[in-house]
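**Student:** The primary structure of each chain is shown beneath.
2 protein chains.
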Amino acid sequence: MGEFEFIRFLEGENSSFFHKEVIRGIGDDCAVIEKDKDSVILISTELFIEDIHFLREKTSPYKLGIKAVNASLSDIAAMGGVPLYLLSSVSVPKDIGMGYLEVLYKGIKYACSRYKVDIIGGDTSSSINRIAISITVIGKMEKRKVVYRKGARPGDLIYVTGYLGDSAAGLFLLKEEIDAPLDVKKKLIDSHNIPEPDILAGRIASEYEFASAMIDISDGLVADLNHICEQSNVGAILNLEDIPFSKELFSLKDRLSIYELALYGGEDYKLIIIVRPEKRRDFEEIFKKRGILCFKIGEIKKEKGIKISSKEGIKELEIRGYEHF
Amino acid sequence: MGEFEFIRFLEGENSSFFHKEVIRGIGDDCAVIEKDKDSVILISTELFIEDIHFLREKTSPYKLGIKAVNASLSDIAAMGGVPLYLLSSVSVPKDIGMGYLEVLYKGIKYACSRYKVDIIGGDTSSSINRIAISITVIGKMEKRKVVYRKGARPGDLIYVTGYLGDSAAGLFLLKEEIDAPLDVKKKLIDSHNIPEPDILAGRIASEYEFASAMIDISDGLVADLNHICEQSNVGAILNLEDIPFSKELFSLKDRLSIYELALYGGEDYKLIIIVRPEKRRDFEEIFKKRGILCFKIGEIKKEKGIKISSKEGIKELEIRGYEHF
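First to last, the sequence lines map onto chains X and B.
The first sequence runs 14 to 338 under the numbering used here.
The second sequence runs 14 to 338 under the numbering used here.
All the given hints hold, so there is nothing to weed out.
Because identical chains share one entry, a pair is satisfied inside a single copy or across any pair of copies.
Computed list of lysine to any residue pairs in SDA-like fashion (alpha-carbon distance at most 20 angstroms, straight line):
1. LYS153 to VAL35
2. LYS107 to LEU68
3. LYS33 to LYS48
4. LYS129 to VAL35
5. LYS119 to GLY40
It is worth saying that the hints were derived from the structure and are not from the lab.
My request is simple: use the sequences and hints to build the entire structure.
**Tutor:** Laid out in structure tokens, this is it:
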């Protein structure tokens, strides 16, 4: 039983709730709780474990704090919500020193303040030898505008809100498995260490009701698009030529399998937005006007599975998630 | 900088919030957020780390799941609230097997269902060699009845809602550092492994407005009473003869320092309830009528510090927290 099956196992048994205000439990980017007639509360929690989600010697505590917050806020973005509050618990080895913890918290605070998110709780404890960071984020939004993973229909268009594969390439550079010019290196490593949550893109997609389904890319484009497809009971076809690359990643195309990174590299934290064809023009226009990137990369299909179309024809993509380290 | 100083450091810088509905951030058992004119949302998060908060080979995954939930719900109890929802994230070593994780989740679910708490989120990931469990709990209550740590006044009476030291004694027995008759052993080990959150006691104390301050005992009686004293800007005096012991712990008085365990042993998850003297009779009567234990163990004083009174006179108690393992 993998993680996805396990979520299904939990989800299955959680289909009926004690409290009727629970609109959505496990299985989407956030839980959705009715607050009042018109609005909902969004909640999500994530755990970051040293040597699984980050490498202590490769990411400064300040950037680690920012990354943990930004990755968590991305879950609010993926529903179309506004982040409000955050709770963080940190467990650190006794020998690590308070200096490290202070700088980590400064990163957490900096990232929160950028999005006007209040830190309302958390605790610290020691651990034996590895750092663990738990982040819970809480947001809000209009009840009828929440965008779930389910909702995609055949014929809908598939967009992503930025370049793909940069974060995974940044990890290769961090681990010094390949080398690159300094500016390229800095840009890609920053994409890995301090990804930005696409809160504004998510808000606009939900407020204007452009999105029929949405998710953020944490496990990788194919794995996360597959979550949408499974929950919407549809399939998808991607166009290889439309996959968007940053000029930095593209410059490394002879050293890295950039398509592999774009399709299966995780932690890009861009959004996949599914848009009904009739909304296409307005969607693209408003995103352009607001200066937010969006690239059409494919289409939702009735037939299950995720395929990719290129000059060489159409082939079925393997569904697998991003392997952290 | 210890944990308490660190909380103060975080708290200090968080005194002003972006969002005016934040009534209380870091520094109490839960954060308190205004939901509407009359009600608030309570939120708390905790991280449980293997070999710091629990020993894998000494606590079954089922009981570990129950303990993590119950300890977390205790934070809602300590404000006087009603628990509603829970999110749990678990990180387990790859070699541990899905069986372990399933049984752990069954414990989590069982504990939640007993208190009609909906599991609304969480995720699972792998770790290198130790289990980490993060639990976030959300509750609700009437805005004007929230009981904080601050609020104790000189002359107020100090109550605890059950016997003290059982959990710490249970840990000694678990680690086989001492031995005891089977029934005593079972009772004390259960107090350690599956402590009950005192939700009903907290509710009654808040609903009837009996409590001027309240906290749950996770760090130990003295350490947690000290939180109340510091936030209320008061001191306290305890009466040694009034410290309540279970008959099981009392039976081990020649083998264990039972007063040390009661004062400094953590994880009892009983509540410390501070009661104005004029409410004493009603408070004791209603708790008795409802069959809930409560023992008066001392009094709030103007003079700072925590003292203990016995036949040998009055002496100042050292303030220190429970050392996990």
